[in-house]
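A.B. asks: Whole structure, please, built from the sequences with the hints as guidance.
So you can see what is in the structure, the chains are spelled out below.
2 protein chains.
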Amino acid sequence: MAFPRLGVIGAGQLARMMVAPATELGISLRLLAQDPTDSAAQICDHFIGNPTDAEAVLNFARTCDVVTFEHEQVPQSVIKNLENNGIKVYPRSDSFIYSQNKVEMRKKMDELGLPNPRWQHYSGGNVEISYPLIAKTITGGYDGRGVFVIKNEGELLDLHNDIGQPLLLEEKLTFDSEIAIMVARSPHGQAATWAATWTVQDGGICTSTITPVPDVSEEIATAATKIALNIAQGISLVGVMAVELFKVGDSLIVNELAMRPHNSGHWTIEGSRTSQFEQHIRAVLDLPLGDTSLTSQWVVMGNILGGEKNDMYRPYLHLMARTPGLKFHHYRKDVRPGRKIGHVTLLGDDLVELRNEVQHALDYLSGAVDE
Amino acid sequence: MAFPRLGVIGAGQLARMMVAPATELGISLRLLAQDPTDSAAQICDHFIGNPTDAEAVLNFARTCDVVTFEHEQVPQSVIKNLENNGIKVYPRSDSFIYSQNKVEMRKKMDELGLPNPRWQHYSGGNVEISYPLIAKTITGGYDGRGVFVIKNEGELLDLHNDIGQPLLLEEKLTFDSEIAIMVARSPHGQAATWAATWTVQDGGICTSTITPVPDVSEEIATAATKIALNIAQGISLVGVMAVELFKVGDSLIVNELAMRPHNSGHWTIEGSRTSQFEQHIRAVLDLPLGDTSLTSQWVVMGNILGGEKNDMYRPYLHLMARTPGLKFHHYRKDVRPGRKIGHVTLLGDDLVELRNEVQHALDYLSGAVDE
Numbered sequence: 001m002a003f004p005r006l007g008v009i010g011a012g013q014l015a016r017m018m019v020a021p022a023t024e025l026g027i028s029l030r031l032l033a034q035d036p037t038d039s040a041a042q043i044c045d046h047f048i049g050n051p052t053d054a055e056a057v058l059n060f061a062r063t064c065d066v067v068t069f070e071h072e073q074v075p076q077s078v079i080k081n082l083e084n085n086g087i088k089v090y091p092r093s094d095s096f097i098y099s100q101n102k103v104e105m106r107k108k109m110d111e112l113g114l115p116n117p118r119w120q121h122y123s124g125g126n127v128e129i130s131y132p133l134i135a136k137t138i139t140g141g142y143d144g145r146g147v148f149v150i151k152n153e154g155e156l157l158d159l160h161n162d163i164g165q166p167l168l169l170e171e172k173l174t175f176d177s178e179i180a181i182m183v184a185r186s187p188h189g190q191a192a193t194w195a196a197t198w199t200v201q202d203g204g205i206c207t208s209t210i211t212p213v214p215d216v217s218e219e220i221a222t223a224a225t226k227i228a229l230n231i232a233q234g235i236s237l238v239g240v241m242a243v244e245l246f247k248v249g250d251s252l253i254v255n256e257l258a259m260r261p262h263n264s265g266h267w268t269i270e271g272s273r274t275s276q277f278e279q280h281i282r283a284v285l286d287l288p289l290g291d292t293s294l295t296s297q298w299v300v301m302g303n304i305l306g307g308e309k310n311d312m313y314r315p316y317l318h319l320m321a322r323t324p325g326l327k328f329h330h331y332r333k334d335v336r337p338g339r340k341i342g343h344v345t346l347l348g349d350d351l352v353e354l355r356n357e358v359q360h361a362l363d364y365l366s367g368a369v370d371e
Numbered sequence: 001m002a003f004p005r006l007g008v009i010g011a012g013q014l015a016r017m018m019v020a021p022a023t024e025l026g027i028s029l030r031l032l033a034q035d036p037t038d039s040a041a042q043i044c045d046h047f048i049g050n051p052t053d054a055e056a057v058l059n060f061a062r063t064c065d066v067v068t069f070e071h072e073q074v075p076q077s078v079i080k081n082l083e084n085n086g087i088k089v090y091p092r093s094d095s096f097i098y099s100q101n102k103v104e105m106r107k108k109m110d111e112l113g114l115p116n117p118r119w120q121h122y123s124g125g126n127v128e129i130s131y132p133l134i135a136k137t138i139t140g141g142y143d144g145r146g147v148f149v150i151k152n153e154g155e156l157l158d159l160h161n162d163i164g165q166p167l168l169l170e171e172k173l174t175f176d177s178e179i180a181i182m183v184a185r186s187p188h189g190q191a192a193t194w195a196a197t198w199t200v201q202d203g204g205i206c207t208s209t210i211t212p213v214p215d216v217s218e219e220i221a222t223a224a225t226k227i228a229l230n231i232a233q234g235i236s237l238v239g240v241m242a243v244e245l246f247k248v249g250d251s252l253i254v255n256e257l258a259m260r261p262h263n264s265g266h267w268t269i270e271g272s273r274t275s276q277f278e279q280h281i282r283a284v285l286d287l288p289l290g291d292t293s294l295t296s297q298w299v300v301m302g303n304i305l306g307g308e309k310n311d312m313y314r315p316y317l318h319l320m321a322r323t324p325g326l327k328f329h330h331y332r333k334d335v336r337p338g339r340k341i342g343h344v345t346l347l348g349d350d351l352v353e354l355r356n357e358v359q360h361a362l363d364y365l366s367g368a369v370d371e
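Note that the protein sequences, when read in sequence, are chains A and B. With the working numbering, letter number 4 in the first sequence gets 4, and the count goes up by one each step, no holes. With the working numbering, letter number 293 in the second sequence gets 293, and the count goes up by one each step, no holes.
Simulated from the structure, these hints should not be mistaken for lab results. Given the structure is predicted, the values throughout are model-derived calculations rather than measurements. Accuracy of the hints is not assured; some may be wrong.
If chains are identical, the list can't say which one is meant, so a pair holds when it fits in one copy or spans any two.
Calculated cross-link-like contacts (lysine-lysine; reagent style DSBU-like; alpha-carbon spacing at most 35 Å) [stated by the list, open to error]:
no.: 1; residue 1: Lys107; residue 2: Lys226
no.: 2; residue 1: Lys107; residue 2: Lys340
no.: 3; residue 1: Lys309; residue 2: Lys88
no.: 4; residue 1: Lys226; residue 2: Lys309
no.: 5; residue 1: Lys80; residue 2: Lys309
no.: 6; residue 1: Lys88; residue 2: Lys333
no.: 7; residue 1: Lys151; residue 2: Lys88
no.: 8; residue 1: Lys340; residue 2: Lys88
no.: 9; residue 1: Lys108; residue 2: Lys151
no.: 10; residue 1: Lys108; residue 2: Lys309
no.: 11; residue 1: Lys107; residue 2: Lys309
C.D. replies: Right, dumping it as structure tokens:
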């Protein structure tokens, strides 16, 4: 057995963050990029091709021993074409569908007896959920895109008309917080979770994460772990998956699934003995999974969103001097307002101080505080 | 200020391990490799050229904002040529000389009042050190190469004749252990050390390291730190440096200097908040240095030396299942007997268990224990 070549469809920051653990493990990584300036294509062997082009993806996949994804925008037909041609591709199409199609996901959660909000597949007709409700495009949404708060029937009809596709309707929950938990599973069926994370949101965008979730009971933390493991087994996951949950009182409700390394698991790079990126590589190669223990009492991750500043290098002089333990991750993407262009992570025992330092770094990087 | 391009002369495993922190910091790394199959050239932007070719090195350096080294085999004349052409190159030639020339190093330690063994620059004539003694080639030695135990005058004359160059003679110390300490310093003069490491040796080759050094007093640990900081300042170091020391009773004696990331600091990748590789990048770019705290009570690193096995991938199945916390670093170099082809690191509280697990991994990888 030689060191395998792992193909990744996509070349954004998630693929970029796979480069380090692949290098450490001796795994050759090859990307299907859309452009040579893509975040990961800048630093990794790649082909140029469109992930929706079945022929291009197959040609790429034939140069790899195993193929995986860093985003959900690969059509089912393209994945099935790989499978029909004998390519080892993980997660498999019949698992991946649950992170691509929100109605299939809701049905599956019901089937597994896992906590859904009230939901309805809507293509006109009676609405069984009371207003205000949440309407979602069934495919293609992420980071708050494709999610709409609907106050009345008129708004719903307008949206349905605009989108021109059926919608998923969900009850609008009044939740205490949003929690995410990462889980990994290998073809052998070995599974592992990490500590659950509080994903702090602003306008549907995750701005920071705190791990482990502060102020939740042992029962809630255990319940989150069980839900993640049940889904992983129930959908025959291979790779890592983020399970996003709403905490409502003492209950958890499944919000979304993302079947790939995910922003809510970036803290694992420094905060766990095995990062989500290393674990994803281990899982899709069917290697035994790594230790997911925390390396610190608290781990705070903050997303760097594009702001007024274009220069992301000069702030190092101040931030590294102020907070010597702060770890930077720059994706080398063009700065655009609101775009995730990097993240910072800080570990330690004093959660208040960690949150203050991370917030200062984010404000400083965005230009919200002066130099 | 844009993200700078950092040039590294050399493309072995040390350059390979710089790729991950450079990527995280958004720094573009470019290597001067001798061959496209070099360990780091496999995964990083590179030029092909000989590090002894002043013109090739200058042409390479002109494409970079700052240049550094991953080995000591770059002639002083080549470095001075860069400096004379206005290239920012670190460490500077007048610092780097102390890791290239062992006689200059001994003189400097004397000048700084730091503990040398008895030593003599020998080009024939009287020998002032009693036999058995250690003879070293003045330049070019590493990993026990260029170091000879000399029992009598006859052996010395033969060696001197064979080498055809002056030698450095040193008293043969009876030492308790070998200790290494990594230190970093920036052009601003900011300096930082990591915890001192016990470098366990076998036949002049470091086989494993244990950090922090077990069974030494606070005084010895502090003395090691002071020596490292004194040397760093005394030679105007820029970058990271390994200071190798002999522990003789309650004293420390300076053995060798290596002015680059070093095998005795590989443990810092997982074992410290800031690795030697990230710190080297920060230092040569004159960025504030990172936190060097330990991430665990004990850190054990073991070198994977080429043995009977050629297949370095298959052992993952057993080793990852047995020791989920074991971190692997494969350099993707051809397996040759005795050659360093990778390393493993394990962190935890129980030093005996950590050492056992690392030793098992090394034995298994070398073929010394059956599958």
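A.B. asks: Between the shortest in-copy and the shortest cross-copy C-alpha distance, which are at most 35 Å for Lys107 and Lys340: within, between, both, or neither?
C.D. replies: Close inside one copy (31 Å), not across copies (53 Å); limit 35 Å.
A.B. asks: Is it within a copy, between copies, both, or neither that the alpha carbon of Lys107 lies no farther than 35 Å from that of Lys309?
C.D. replies: neither (44 Å within a copy, 50 Å between copies)
A.B. asks: Is the C-alpha distance from Lys309 to Lys88 at most 35 Å within one copy, between copies, in both cases, or in neither?
C.D. replies: For Lys309 and Lys88, the Cα distance is within 35 Å only across copies (27 Å; inside one copy 43 Å).
A.B. asks: One pair to classify: Lys88 and Lys333, alpha carbons no more than 35 Å apart. Within, between, both, or neither?
C.D. replies: So Lys88 and Lys333 pass the 35 Å test inside a copy (30 Å) and across (27 Å) alike.
A.B. asks: As a check of your reading, is Lys108 near Lys309 (CA-CA no more than 35 Å) within one copy, between copies, both or neither?
C.D. replies: neither (44 Å within a copy, 47 Å between copies)
A.B. asks: Using 35 Å as the alpha carbon limit, work out where Lys108 and Lys151 are close: within a copy, between copies, both or neither.
C.D. replies: Close inside one copy (28 Å), not across copies (78 Å); limit 35 Å.
A.B. asks: With identical chains treated as interchangeable, where does the CA-CA distance between Lys340 and Lys88 reach 35 Å or less: within a copy, between copies, both, or neither?
C.D. replies: Both. Shortest intra-copy (31 Å) and inter-copy (33 Å) distances satisfy the 35 Å Cα cut-off.
A.B. asks: Checking an output row: Lys80 and Lys309, CA cutoff 35 Å. Within, between, both or neither?
C.D. replies: neither (43 Å within a copy, 38 Å between copies)
A.B. asks: Within a copy, between copies, both or neither: where do Lys151 and Lys88 come within 35 Å Cα-Cα?
C.D. replies: neither (46 Å within a copy, 62 Å between copies)
A.B. asks: Classify it for me, Lys226 with Lys309: is the Cα-Cα distance of at most 35 Å met within a copy, between copies, both or neither?
C.D. replies: neither (43 Å within a copy, 41 Å between copies)
A.B. asks: Measure nothing new, just compare the shortest in-copy and cross-copy C-alpha distances for Lys107 and Lys226 to 35 Å and report within, between, both or neither.
C.D. replies: within (19 Å within a copy, 65 Å between copies)
The structure shown violates the earlier hints numbered 4, 5, 7, 10 and 11.
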